[in-house]
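The listed protein sequences derive, respectively, from chains A and B. Numbering (our numbering) for the first sequence: 1 to 260. Numbering (our numbering) for the second sequence: 1 to 584.
Just to be clear, a hint being listed does not mean it is correct.
Covered, in the sense of this in silico footprint (three residues per stretch, anywhere, with C-beta under 8 angstroms from a C-beta of chain B), are these stretches of chain A [unchecked claim]: (1) 29 to 35; (2) 58 to 72; (3) 80 to 93; (4) 96 to 109; (5) 128 to 137; (6) 214 to 228.
Derived SDA-like pairs: lysine to any residue, alpha-carbon spacing no greater than 20 angstroms straight-line [claimed, not checked]: (7) B:449 x A:2; (8) B:449 x A:7; (9) A:31 x B:493; (10) A:134 x A:124; (11) A:37 x B:77; (12) A:134 x A:120; (13) B:449 x A:73; (14) B:449 x A:120; (15) A:31 x B:496.
Simulated from the structure, these hints should not be mistaken for lab results. Model, not experiment: these values are computed from the prediction. Virtual Cβ for every residue (Gly too), placed ideally from N, Cα, C.
Letter by letter, the chains look like this.
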Amino acid sequence: MNRFWAILFFMVPVLAVGTFILAALDVGPMKGLWLPKNINTHGESIDSLWNLTHIIGAVILIGTGFALAIGVWSFGARSHDRFRYFSHNNRLEVLWSIIPAIVLVSLAFAQMPAWFENKQSHPMVTVNGQEVFKSPLARVVARRFGWEVYYPGPDGVLETADDLYFENELHVPFGEEVVLQLESRDVIHSFFIPSLRVKQDIVPGHVHNIWFHATEAQETSLVCAELCGWGHYTMHARVSIKERAAFDSWMSDQLTGDAN
Amino acid sequence: METTLAEEHVESHEPKTFLGRYVFARDHKIIGLQFIFSTLIWMSVGGLLALGIRWQLAWPWSNMPIFGDWFFAAEGGQITPEFYNVLFTMHATIMIFFVVIPILAGGFGNYLIPLMIGARDMAFPTLNMLSYWLLWPSFFCMFASLWTVGVGPSAGWTAYPPLSVLFGEGIGWWVLGLIFSGVASMLGAINYITTIIQMRAPGMTFMRMPMTIWGLFITSILQAFALPVLTAALFLLLSDRVAGTSFYLAEGLDLGESVRIEGGGEALLWQHLFWFYSHPAVYIMILPAMGMISDILSCFSRKPLFGYRPMVFSMMSIAGMGFIVWGHHMFVSGMNYYLSVTFLISTILIALPSGVKVFNWLATIWAGRLQLTASMLFALGFVSMFVIGGLSGVVMATPAVDIMVHDTYYIVAHFHYVLFGSSIFGVFAAIYFWFPKMFGRMMNESLGKIHFLISFVAVNLTFFPMHFLGARGFPRRYADPYQIEIFRDLLPINQLITYAAIAMAIGQVFFILNFLWSIRFGRRAETNPWRANSLEWATASPPPHGNFEFQPRIIRGPYDYGNPANELDYSPQYEMATLKKQDS
Numbered sequence: 001m002n003r004f005w006a007i008l009f010f011m012v013p014v015l016a017v018g019t020f021i022l023a024a025l026d027v028g029p030m031k032g033l034w035l036p037k038n039i040n041t042h043g044e045s046i047d048s049l050w051n052l053t054h055i056i057g058a059v060i061l062i063g064t065g066f067a068l069a070i071g072v073w074s075f076g077a078r079s080h081d082r083f084r085y086f087s088h089n090n091r092l093e094v095l096w097s098i099i100p101a102i103v104l105v106s107l108a109f110a111q112m113p114a115w116f117e118n119k120q121s122h123p124m125v126t127v128n129g130q131e132v133f134k135s136p137l138a139r140v141v142a143r144r145f146g147w148e149v150y151y152p153g154p155d156g157v158l159e160t161a162d163d164l165y166f167e168n169e170l171h172v173p174f175g176e177e178v179v180l181q182l183e184s185r186d187v188i189h190s191f192f193i194p195s196l197r198v199k200q201d202i203v204p205g206h207v208h209n210i211w212f213h214a215t216e217a218q219e220t221s222l223v224c225a226e227l228c229g230w231g232h233y234t235m236h237a238r239v240s241i242k243e244r245a246a247f248d249s250w251m252s253d254q255l256t257g258d259a260n
Numbered sequence: 001m002e003t004t005l006a007e008e009h010v011e012s013h014e015p016k017t018f019l020g021r022y023v024f025a026r027d028h029k030i031i032g033l034q035f036i037f038s039t040l041i042w043m044s045v046g047g048l049l050a051l052g053i054r055w056q057l058a059w060p061w062s063n064m065p066i067f068g069d070w071f072f073a074a075e076g077g078q079i080t081p082e083f084y085n086v087l088f089t090m091h092a093t094i095m096i097f098f099v100v101i102p103i104l105a106g107g108f109g110n111y112l113i114p115l116m117i118g119a120r121d122m123a124f125p126t127l128n129m130l131s132y133w134l135l136w137p138s139f140f141c142m143f144a145s146l147w148t149v150g151v152g153p154s155a156g157w158t159a160y161p162p163l164s165v166l167f168g169e170g171i172g173w174w175v176l177g178l179i180f181s182g183v184a185s186m187l188g189a190i191n192y193i194t195t196i197i198q199m200r201a202p203g204m205t206f207m208r209m210p211m212t213i214w215g216l217f218i219t220s221i222l223q224a225f226a227l228p229v230l231t232a233a234l235f236l237l238l239s240d241r242v243a244g245t246s247f248y249l250a251e252g253l254d255l256g257e258s259v260r261i262e263g264g265g266e267a268l269l270w271q272h273l274f275w276f277y278s279h280p281a282v283y284i285m286i287l288p289a290m291g292m293i294s295d296i297l298s299c300f301s302r303k304p305l306f307g308y309r310p311m312v313f314s315m316m317s318i319a320g321m322g323f324i325v326w327g328h329h330m331f332v333s334g335m336n337y338y339l340s341v342t343f344l345i346s347t348i349l350i351a352l353p354s355g356v357k358v359f360n361w362l363a364t365i366w367a368g369r370l371q372l373t374a375s376m377l378f379a380l381g382f383v384s385m386f387v388i389g390g391l392s393g394v395v396m397a398t399p400a401v402d403i404m405v406h407d408t409y410y411i412v413a414h415f416h417y418v419l420f421g422s423s424i425f426g427v428f429a430a431i432y433f434w435f436p437k438m439f440g441r442m443m444n445e446s447l448g449k450i451h452f453l454i455s456f457v458a459v460n461l462t463f464f465p466m467h468f469l470g471a472r473g474f475p476r477r478y479a480d481p482y483q484i485e486i487f488r489d490l491l492p493i494n495q496l497i498t499y500a501a502i503a504m505a506i507g508q509v510f511f512i513l514n515f516l517w518s519i520r521f522g523r524r525a526e527t528n529p530w531r532a533n534s535l536e537w538a539t540a541s542p543p544p545h546g547n548f549e550f551q552p553r554i555i556r557g558p559y560d561y562g563n564p565a566n567e568l569d570y571s572p573q574y575e576m577a578t579l580k581k582q583d584s
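Chain A extracted, bound-state conformation (with noise of 0.2 angstroms):
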């Protein structure tokens, strides 16, 4: 029976690691159970990370799983030839802390600027020789359960009575950096859009401030990411990224609709 729990045991880490190498090349059954093509330039340090980190998790995986059910297989209740009496080697438990903590501390700094560039490192634009925050293109307002987006009216300020106003609908270009101002008229939402790998809980009283620089038109959406109530579910604005071009002029069409 031994090799048969052995053979349990060992199908554990051939299984995690085998489907998990099949859903990241895409293919077989797995296809399309990895993460949303990313289409932001920040995003890209978030992706090396997710790979970093399931890679080395894929070597312990194997490593220990291994060990586990290679010692499940040959060290049955009989095998009193293979016994040996022993119960601590110092010198191994100091090996098995200190390679782990290296791994583990270099993967604590490596990942510093990922969490800097998507985090606090809020965009920048020089005006009149200032450096300055980058204005938000847009106000998300969030509440049970819609999305109010507010785009500056003619008076190019947001938050003044010719703000334009979209129900659950979000128009963003790429090619540049989009900040969005984020608030809540209620209680705590989470603004997520996967293939933007943007998250953020927007908090009642706070305002955050939010960043991407989107590298291709798509369609997508806009879910809420933190329990807000029974319409949690329902919570979801549709995203259009467009070229530059393209928003200007749908832009424009706002304002001569207001306008009129």
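Model the placement of chain B on the given structure of chain A, informed by the hints.
Structure of chain B alone, referenced to chain A:
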């Protein structure tokens, strides 16, 4: 400090009435069994709720068996989105607060601590009785929250305000229930700490304590320090709900004309307080199981536990660091982003002692003589599943990656590998192992192995595919994710998961039958059926009132199996001479 049994102040008379003996029991063994039976019943309720969640995700809005028939007969059995939120809120609440924590600390903690350290009972038997009976007001509040309002709490077990303050019914009852269960845990924790420090038998030094005791000891310390914070947070939440305070509510909330919110509060405050308890709670739910499977792995490998001291120290460092990692639940919450980097480092580092434990377990079975009993299989299953849960934890400790997978099914996969694949597997291993001591009868090994086989395959088929759902960004807590174009193609994989979950539920039938049948009809157990070293195996199965009819003296650690200098392949940690006295 060590005391002998004679010096202890314990109640020496065995209670004679049924009420005194089995209901308002002060004997730690009966209280332990009360916890175990109660939590096993709750586990089936929690499991049923999980099947409800799975049913909705596989066949959205179709007639749900059981829950649909009970609550939504008028609607033809179709549940409401609100009720879906109740399902996952109550599933998590029950599994965490009424199953995993009480069965480990309350059940095994109570049963095993005095027996394994050589005490007649707990330090505070009456407090111990209270700690079980305070769970009943808590049960009552949970039922009240479900039935007085007809819907139940629906803000998730994390109950983030403002949602949990401003919306939803039954959350007040739910909060009260958690406060009662917190007080119950607190009484237990104080009792365990005192008992372990004060009442160890002569010779039972700290460094001779079995890992089970270390796990329970460290867990109790975690409980004692973390619980007051949760209790305070819960009172603030209750006050916001019923007294109109605004501890968690910012000004300017727009809820229509009729509602006025004074404001001045902060929603993130709850998250900090809640996770300051609930992250240590993750370790509260795993450390005792780690301790128990360490004992089980060593016993059934017939070989010393590898690296006892590093095992103890790694457990301590997991517990210590467990207090400074809570912020990793809040990477995308809007919390100070520099703070995230601090929590990233502490979280990454906590993987280290966990890894050390895995390596030590592997070295324990290496070159042993493995007896693959049902208990041993579940312990090996624990190790196998814990590695997967630990590694996905490292992925999410990376804040940048967490941006993608936070609040998706990736996290659902992660914590079920740890909580089901590890903690619950540890519980099963422990039940198969200590059942003979508890009931004086053996469980059926073949049924146990079938139970393991089905559980092991089903747990992987249920939870592994969730990693891929998470990679796609599939959000958790969605009653109907398929409304959204980008998730529509994920229906078949959800149906596969649901079939696996149903198989898992069927697998548990083998356990329930085996458990109930063996209590009455199992083969009679000897005093020490596994030829184990630790002290609980020195006394009769089941142990008499007062536990030992002799004064146990401890002469070595509990892991000296297979010592070639010995005739037997085990060397009990107690003086055999005392045993002789008992027999004569």
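A quick look at each hint next to the structure:
1. 29 to 35: Coverage by chain B holds for the segment 29 to 35 of chain A (5 residues, Cβ < 8 angstroms).
2. 58 to 72: holds (count 8)
3. 80 to 93: holds (count 11)
4. 96 to 109: holds (count 8)
5. 128 to 137: violated (count 0)
6. 214 to 228: Answer holds; 8 residues pass the 8 angstroms Cβ test.
7. B:449 x A:2: Holds: residue 449 of chain B and residue 2 of chain A sit about 12 angstroms apart, inside 20 angstroms.
8. B:449 x A:7: holds, 15 angstroms
9. A:31 x B:493: holds, 12 angstroms
10. A:134 x A:124: holds, 5 angstroms
11. A:37 x B:77: violated, 39 angstroms
12. A:134 x A:120: holds, 13 angstroms
13. B:449 x A:73: Answer holds: residue 449 of chain B to residue 73 of chain A is near 17 angstroms, not above 20 angstroms.
14. B:449 x A:120: violated, 52 angstroms
15. A:31 x B:496: It holds: about 16 angstroms lies between the C-alpha atoms, which stays within 20 angstroms.
Checked against the numbered hints above, the structure breaks hints 5, 11, 14 and satisfies the rest.
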